[in-house]
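Participant: Here's the letter readout for the chains.
Number of protein chains: 2
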Amino acid sequence: MNQDYIVPNVWSIIEEGFDKEKVKSSESLFSIGNGAMGQRANFEEHYSGHTFQGSYIAGVYYPDKTRVGWWKNGYPEYFAKVINAPSWIGIDVMVNGEALDLNTCKKVAKYKRELNMQEGWYKRSFTATLPNGQEIEVHVTRFLSLDIDEVGAIQYNVKALSGDMEVSFSPYVDSGITNEDTNWDDKFWNTTKVSFDGQLGFIEAHTMKTNFATCTFMESKLFHNGKAVALNSEASIEENKVGFNYKVSIKKGESATLHKFGGYTVSRNHEASQLVNAAKSVLEKVTTMGFDALLDKQKEAWAKIWEMSDITIDGDIKAQQGIRFNIFQLNQTYLGKDSRLNIGPKGFTGEKYGGSTYWDTEAYCIPFYMATKDQSVARSLLKYRYNHLEKAIENAKKLGFSNGAALYPMVTMNGEECHNEWEITFEEIHRNGAIAFAIYNYFRFTGDYSYIPEMGLEVLIGISRFWQQRASFSKPKNKYVILGVTGPNEYENNVNNNWYTNYLAKWCINYTLEQLGKVKDGYSDDYKRIIGMTKLTDKETEAWKKVADNMYFPFSEELDIYLQQDGFLDKELITVANLDRSQRPINQKWSWDRILRSPYIKQADTLQGFYLFEDHFTLEELEKHFDFYEPFTVHESSLSPCVHSIQAAKLDRMEQAYTFYLRTSRLDLDDYNKEVEEGLHITSMAGTWMSIVEGFGGMRVVDDKLSFTPRIPKQWKAYSFKVNFRNRILKVKVTEAGTSFDLEGTDEMSIRVNGKRVVLKAGETVSA
Amino acid sequence: MNQDYIVPNVWSIIEEGFDKEKVKSSESLFSIGNGAMGQRANFEEHYSGHTFQGSYIAGVYYPDKTRVGWWKNGYPEYFAKVINAPSWIGIDVMVNGEALDLNTCKKVAKYKRELNMQEGWYKRSFTATLPNGQEIEVHVTRFLSLDIDEVGAIQYNVKALSGDMEVSFSPYVDSGITNEDTNWDDKFWNTTKVSFDGQLGFIEAHTMKTNFATCTFMESKLFHNGKAVALNSEASIEENKVGFNYKVSIKKGESATLHKFGGYTVSRNHEASQLVNAAKSVLEKVTTMGFDALLDKQKEAWAKIWEMSDITIDGDIKAQQGIRFNIFQLNQTYLGKDSRLNIGPKGFTGEKYGGSTYWDTEAYCIPFYMATKDQSVARSLLKYRYNHLEKAIENAKKLGFSNGAALYPMVTMNGEECHNEWEITFEEIHRNGAIAFAIYNYFRFTGDYSYIPEMGLEVLIGISRFWQQRASFSKPKNKYVILGVTGPNEYENNVNNNWYTNYLAKWCINYTLEQLGKVKDGYSDDYKRIIGMTKLTDKETEAWKKVADNMYFPFSEELDIYLQQDGFLDKELITVANLDRSQRPINQKWSWDRILRSPYIKQADTLQGFYLFEDHFTLEELEKHFDFYEPFTVHESSLSPCVHSIQAAKLDRMEQAYTFYLRTSRLDLDDYNKEVEEGLHITSMAGTWMSIVEGFGGMRVVDDKLSFTPRIPKQWKAYSFKVNFRNRILKVKVTEAGTSFDLEGTDEMSIRVNGKRVVLKAGETVSA
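Protein chains in written order, with my numbering: chain A, 467 to 1234; chain B, 467 to 1234.
If we strip away everything but chain A, and leave its shape as in the complex, we get (with noise of 0.2 angstroms):
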């Protein structure tokens, strides 16, 4: 835990105090992000303390070599790793000829690091007394645009403290970068050449095996007391380096800055020959414009977003703070303008995990960006599952499937399976559900059905196919089972009969047993199309009905609740408040050995299928597995608490709804889990949105309409947030006294509240 280190306040991270022991800390949360690139907060000047450098480019990854102890058949060649790029960033600073390093300074005060994410822009600011004595005043201020996505933009300045002064910056760009996390300490990164232009630089480098092509560039502008200097250094070539040396000598009491823009242009986007030449043209517009007004820019594109997608919390700053922090997390990581990207699980901030899809976008984050954007963004998430079908049907292929059966994989890049655990890669199907359920869950928003005749109906297809072969017949049981799989508690595997995996299967072919009637009857065209290219015969769907039909799922009858798995009342059930508090988390403090063996589990798993498919069971229902199954969670996954936050409200248990969320929307400020170093859990951010939303919201989608819930925890006066549902804006505000609605535009419209309809007009406040 790092609880009370970061400041509370309602729009800003806020890091005070130069401690070296937070810097890789701090590198994660002040991260930055622009969709298109991310920068962890790695210092400018060199700096010789412990850090962890990252630099990212969405999409720009290696495939790795995979490592296992022991090879299998069926494992995926290698292991997509999010790598860190060349660097842009790089500005040694020297004072009199001596460096700057805040780790061999005399003396740092005044140190502030802050990240406005109202305005989308991340500064520091500290005073240094050098080893030779000299005081200097830092200022640095950085930004990834979001209006032009392949640049950044640097305002470097240092104001003489202790007298006269020589400054010297000396901006680079870096390719001789590594990864912190490699299998076989393969080399990434290919430089091929490194070269300038007047006071332009670039290195071009590609990516080994995978050979996206980047060049990495950089221009900068310095003044001298606010006015410009001319510049005309000649430019440092090495091998992986370009970079300049700018001076000027300043006054006590007076500043030299410098403004430096730098960024990526990739082959992903350009011709790969062209890839100076775009560079330059970025640089020209940007250094036209200038830092003041490209920053401009940037605090409108982010209000923008905010107007959109900030949620308010009157009364509690950490509350407040935690949830601007994931809104603002969701939106750097991820914009929706690239239908070849998705949401990694640590965004920008660092390499852990590899890879950028889970099935995390679908569960958890295809909500978020299903209410605070344009519904093109949630539909651009799912083509791009449709665009990876091939890879899906070639996966399960590999495992022994057959006849266009699709196996998503459980992380990838570019739809190929890269993670590397039989007991999660091939076991971990609950995936394919997720997916299929995300399509769903699009048209109940969206009211968007065109999605499946064009694409959906043929994922569904291949995962109906999956999971009819998947499912086996067992003759003691007299109905089909599923052998051998993990659920989302992955603190269980190779288990027979997760109910979660079970009835999502179940209820994947009846969904699309249903659209393809749906589909037959509306789409003739699409229907006609999608019968010739799957050959789908009424033998196949017959085959997925009896399955469907006859799929077994462990029950209690004495509990009266369905078992998360066939075996998990042999199991020693040993409550988690019973457990020793020392022991946890168990994740590092037990063997796998013992963790399989316990009943604990690692995130809601019985209770995940609750929460997708709410509407099938009782209240009742729901508080008896809450209250068998919330016992023995651990939540040792970042995508646990927002789902029991969620459940907890839904029983009008509110503080444990509060305490939850609060561990959800504070997991990294507050470092929880002591790791946030390795860079911030960004999709499980998305959960934490969903548990103010759907959580104490209460907000559904039931027959076509939007229905609410509202309750608050009570240590919030108030709190608000706007959802896009079918292309109309509502804003919802919920005080202890009572809820708030707001519709923008010139419709009207109509929702339920606590069960009552209730007839909104465009303009007009109401109450209920």
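Since the hints were derived computationally from the structure, they do not count as laboratory data.
Warning: the hint list may mix true and false statements.
Note that the list lumps identical chains together, so a pair holds whenever it fits in one copy or between two copies.
[To be verified] Simulated crosslink set (PhoX-like; lysine-lysine; CA at most 20 angstroms straight-line): (1) Lys578 to Lys490; (2) Lys863 to Lys1055; (3) Lys1197 to Lys1090; (4) Lys1055 to Lys864.
It should be emphasised that the depicted structure is a prediction, and the values quoted were computed from it without experimental measurement.
Once you have looked at the hints, place chain B on chain A.
Facilitator: Here is chain B on its own, set in the frame of chain A:
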């Protein structure tokens, strides 16, 4: 399969004709060893074709850093690699300045390899036409001395066929070798000194991390037409190599012969500073004796081994060759002289699997060594585990067990676990039971109880503590269950209540309780010492008893059989006969996922329990279980056919028993699994011995007496074997007509034959 490649011969393994594709396989098949060192059948002269170089020193290993996909708590730090040691065999040969290299010769004819198992030597002969047109005839004989086990000898004879010629021999030792199998391309050896003394060459090198110091040494003698030639070559010294060059001019028809003596002195047996001196004294001894005298000693030593351990089979040359190959390899691998050593699954024939000690030793090898060697050998193997008890307790502690519970490692060199798949290391815990069973078996066979109070009881207490802690109480079953295990059938992982494991656990506890009583009554000093040390209380043993008395065993009322594990009947039970042949071996054709969900059994599991505890079950029960499980068994473990051969023989299914026998005895000779080039399957060779003695011979110990139920496959006229039972040597010969028994010595002995008591008198042949 490699069927019909090796020439059938009752005493020799013979290859005829040079086939570059077979070089690596033959390097395995013609391997030699003497218990202290081993050598693959690599050529002495340079060979530029595909080869797998391997020289091995018993007990010298490297702790190669473990490689896993995702680290989990409790994983072992390293995987002990059997390492390729510096080579002592190299002799580069030149004829008129042209190198002899079988890969580049114009012609190679009359190529023959012979491994003479009766006398313990390996010979290679051929004629070769070199690129320069010179034709020579070559005979090379090599052996590793059983008598002086630090040394090997080579006689390299070149005869001039095409005319007069100059033959040059360059014998050398070389530490510039690598492993085929490394995890991180670590350097395993550090060469510290390359030296010579006259015509003697030495390389001192030590292993990294484990720091085993070794001296690899050599000395040569040269002969012209059998007459010694004085040598005074200058040594050539390289970083990792020392060599000499000896030239001799011979006329057409004449021969040049080099005798090379070489080997290792190792810090396991000498002061590290004295290795060169020790080497010199070995060389002095053997060069004084000369090659022929040393070879004579070798023949004597092997004659002694065969005198006791030979099995003869009349009327079936391939079966005869198979069993002798198995017995020969076992004796090459382990002779029982050194209780720090054990029997590696690949012996000295390859690197795969790593480590030296698996449960193979207790479950398969001990019966062979018990019956064909002095009983001190088996005791030595038991003592090996006693010496590792503390490490086994540490190992269990790592996994969360306490109070002296011991979990022996799955794979080890020094008592530490060094395998690294959780489903094996953490879950294949039945190995603990095999170790307890070996203690029982040792006493049953040898009658030597002393091991139990002296050492065995402590081992049994550690093991019983483990089982009691590892079992947990299932409320629904109202029994103790053992969750999350892998049984001997490694094609099922993380199952609940593997019958074999549960059965062993219960038996272990009961056996330990019984021994506690016996030691208390008969060895009160030992009892006091042990209780004092282990702090075992009545309360604890009551807890053990409760577990043993209430152990759960999955059972099908309908089928009237014990189930391999809780979920076995939920699988789709399609027999192997109904599986398309193209799908086998499934471990090469199927994904791990598919294998795990299939009913296919890698090796005896429930039937392994019926083998160990046959007197607990009726013949009818065995038959029922055999008929149920064997049809699902794919025998993809080398340890499978032998147990099935024994069980089939017991059920009087001699055709099946014979087929299994051939498969186990000629597994490597006929390369059933297409992998012999990686090395031989040493430990399963002891299973071959069991399949004759226990299977066909029906040998058991019943009430302290040997018992036989002899059967003979119809393909055989007769077979015979010898056993050392409690220091009395009995020879058994079985023909279709009946069985005869010869007791050596001066004693008499009562046995049972087909259930009837027979009294044998030494010196008299008794037929029954």
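Participant: Against each hint, give a clear statement of whether it holds in the structure.
Facilitator: Now for the hints, and whether the structure bears them out:
1. Lys578 to Lys490: Classified as within: same-chain Cα gap 15 angstroms, cross-chain 67 angstroms, threshold 20 angstroms.
2. Lys863 to Lys1055: Answer is between; shortest inter-copy Cα gap is 12 angstroms, intra-copy 38 angstroms.
3. Lys1197 to Lys1090: The answer is neither: 34 angstroms in one copy and 72 angstroms across copies each exceed 20 angstroms.
4. Lys1055 to Lys864: Classified as between; 10 angstroms across copies, 36 angstroms inside a copy.
Figure legend: structure checked against the earlier numbered hints; the only hint not met is number 3.
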